[in-house]
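Protein sequences appear in the order of chains A and B. To convert, count from 1 in the first sequence and add 8; that's my numbering. To convert, count from 1 in the second sequence and add 1110; that's my numbering.
Treat the hints as calculated values from the structure; they're not laboratory data. All values reported here derive from a predicted model rather than from experimental measurement. For each residue, glycine too, the CB sits at the ideal point set by N, CA and C. There could be a bad hint or two in this list.
[As the list claims (entries may be wrong)] Derived Cβ-Cβ restraints for the label pairs, each shown as a range:
hint	chain 1	residue 1	chain 2	residue 2	range
1	B	1463	A	295	46 to 56 Å
2	A	19	B	1405	51 to 61 Å
3	B	1259	A	292	45 to 55 Å
4	B	1476	A	19	54 to 64 Å
5	A	311	B	1407	48 to 58 Å
[To be verified] Computed footprint of chain B on chain A; a stretch qualifies when at least three of its residues, placed anywhere within it, have a C-beta under 8 Å from a C-beta of chain B:
hint	segment
6	10-21
7	50-56
8	87-93
9	172-181
10	191-200
11	229-239
12	330-344
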Amino acid sequence: MRRGLLAWSEEEVPRDVLDARLARCRAAMADAGLDALLVYTNFPRPSAVSWLTHFVPYWSQGVLTILPEGDPVFTVSLSKRVGNWIEETSCVGEIVCTPNIGRALGEQLTRAGAMKRVGAVELAKLPGDIVVNLKSVADGVALTDATGLFASVRNPADAAEIALTVRAAQIARDALALAAPKGAPVDASILSDIERAARMQGCEEILIDIAEDLSADSRFRRLDGPSVFANRYAVRVSVAYKCHWVRIGRSFEQDGDGRSDAVESRLADPAFLMSGESPDGFEPVDSVVEGCVGTAPLSVLEAPSPGSIVSVTRRWRDSGGYWLVSDPLLLGAAGDPNRRL
Amino acid sequence: MSETPISPIHAERRARLLAAMKEQEVDVILSWGNAWQSDYLRYVTDFPVLEGDAIALVMADGETHLIVEGETEAERARVKCPHLQVEASSDLIDSARAMLTKFGNRRIATAPRTLLPFGLSPESLDRAVEDGTALLDSLLMTKTPMEIDAMRRSSELADRGYQVFRDAAKVGVAEYELVAEIEGFLRAEGCAENFMLIGTGGQEVRGMHPPGERRIQAGDLVTTELSPGVDGYFSQICRTLVVGEPSKAQIDAFQVYIEAVHAGLSVLKAGVTASEIARAENDVFRAYGLGKYCTAEYTRVRGHGLGLFLDTKPHILEDVDTVLQEGAFCIVHPNTYHPVAGYMVLGDASLVTKDGYETFAETPLELLSTAA
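Isolated chain A (complex conformation) (with noise of 0.2 Å):
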């Protein structure tokens, strides 16, 4: 919960970037038969909103409402004082600013007529006070999941997208730069500096993964106090910018043997880390993909889409124990090759 820099730049995402993902928003729902979408927000999901807007809370939650026509409606449960600061660092239409969203939203509803079918994104998670105050007041409303329908016109990435996460990837790697050995033992000290450095550069938010021996357990943790770490260890950063998340991981050695050169090397071949290949004398252990398709910013993607954007993390074994490494790639579309980014 420790939000750093939080501002709209139009040079970033100008409106009609922010237009025409709305405009893939509405095709979507005149396909589906919706009359209107609701897409939730909070601090652990803010992912879906800020595509569609650029908003990203620091506190409490809200819902946007997607008519066919006409600005989004973003009702959030913040005090009206907070309407400006939202106007400043988004791309909103009317604010409404209520502790109850749900009756808010069906007051909204009946207002434009004829609301039969609505979408809501993971409507499941919606909070239920939420939906039973929505149906309070807009009862005829039927509510259908459209998580998979946000997913759909989620990816693929447009250029803003890919420009701002370049950004988080070179925040990310400039701070795991302050990770690597450099003749003194390494230990938790280096989190202080990395945590910095990420902020001074504007990162929103910064998660650090250690995992400290590598040659006994390859698990990542988070680190809340002092530790000498043994001779491999890996660290990992998970950095927003403006509400695009990278994950980006190095395993290092501090009687340095020149492992991470020989991985670094492959990993300059975008198709590398999604082949399933390992680098020389080690042998794979397992893999994750991740990417956003909902609200959450990163999440498990057993088939990511061409033109979307992933961290992939690798796990491999040698002698010395394992080796870990993630990494953010944009996946080429139709017949491009991988980027990395």
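Assemble chain B onto chain A, guided by the hints.
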């Protein structure tokens, strides 16, 4: 990695929870939490959710299941909390429903009701679930000596963090750079959790928010609420800093906040209601003809509880009749907009005692300044 299987403070929490469940004849507690608000879930699991949402199911014998979203979070949970049975799920609701079906006719209580997703709400389930929020609230709102010790340490860290903030608030520094300094300091202290808001500027500033790109100027009011967490327990400090020599208008305006915070603190003791504290603060504003700035148009709350969440019950408002018990932890902060000077904040976390309160901050409760 040398994580203790179960920390002493969590062992104590778990004992209190199981005793409360037994007393109220509850067989299973289902708790929901996420990276924003995880106090109920953390109380029953000890796990600090970093990403996504999570569900915990606690049996009467103490067996505890934690369902999180994705293997990344599950790995963190397994390392941090080996006493839990952790499941990574791509569909939390389905996973929780599947577990609920195994419980037959056992009594299940959910908490907190306000966060419970529609898919697990009484309206969606084909079985009865009860609201267990009050059961957990009774445990969350009154701190044990071990919890008070954690709150004391987080309060002291907040106090020291504010000194770093004060030293770093210089002309030309961007809001996000100032926050970076604090976050770096807290990390160096082994503190992985913090929430802070900031405001910079003058009479036009209506509140605080996450940091933007604005750079501090001479004469600015720089406000912050800094809320570090130690062992999961959040404290808070609210202060207003003038960059340069405070103007007479700023000094006069801030006098209202000084009087209001002392008025609130003067009634703070075990047995008082949240509304009595809020009324004491707001009466000061009303006496100055500033009563409208105590309304929701300009301010959210006049203080709040602290603990495993930084904004927990009770909210200090005139319409909240919750009684503060001995061992409660709260902050009294009459933060609001002043029509002459802009948004101003002031407050310290306080432990409620039988006869009054105790604070752990040394930063003076006054309008502070730093060289321009």
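Here is what the structure says about each hint:
no.	hint	result
1	1463/B / 295/A: 46 to 56 Å	holds (55 Å)
2	19/A / 1405/B: 51 to 61 Å	violated (38 Å)
3	1259/B / 292/A: 45 to 55 Å	holds (46 Å)
4	1476/B / 19/A: 54 to 64 Å	violated (42 Å)
5	311/A / 1407/B: 48 to 58 Å	holds (49 Å)
6	10-21	holds (count 6)
7	50-56	holds (count 4)
8	87-93	holds (count 6)
9	172-181	violated (count 0)
10	191-200	holds (count 4)
11	229-239	holds (count 6)
12	330-344	violated (count 0)
The structure shown violates the earlier hints numbered 2, 4, 9 and 12.
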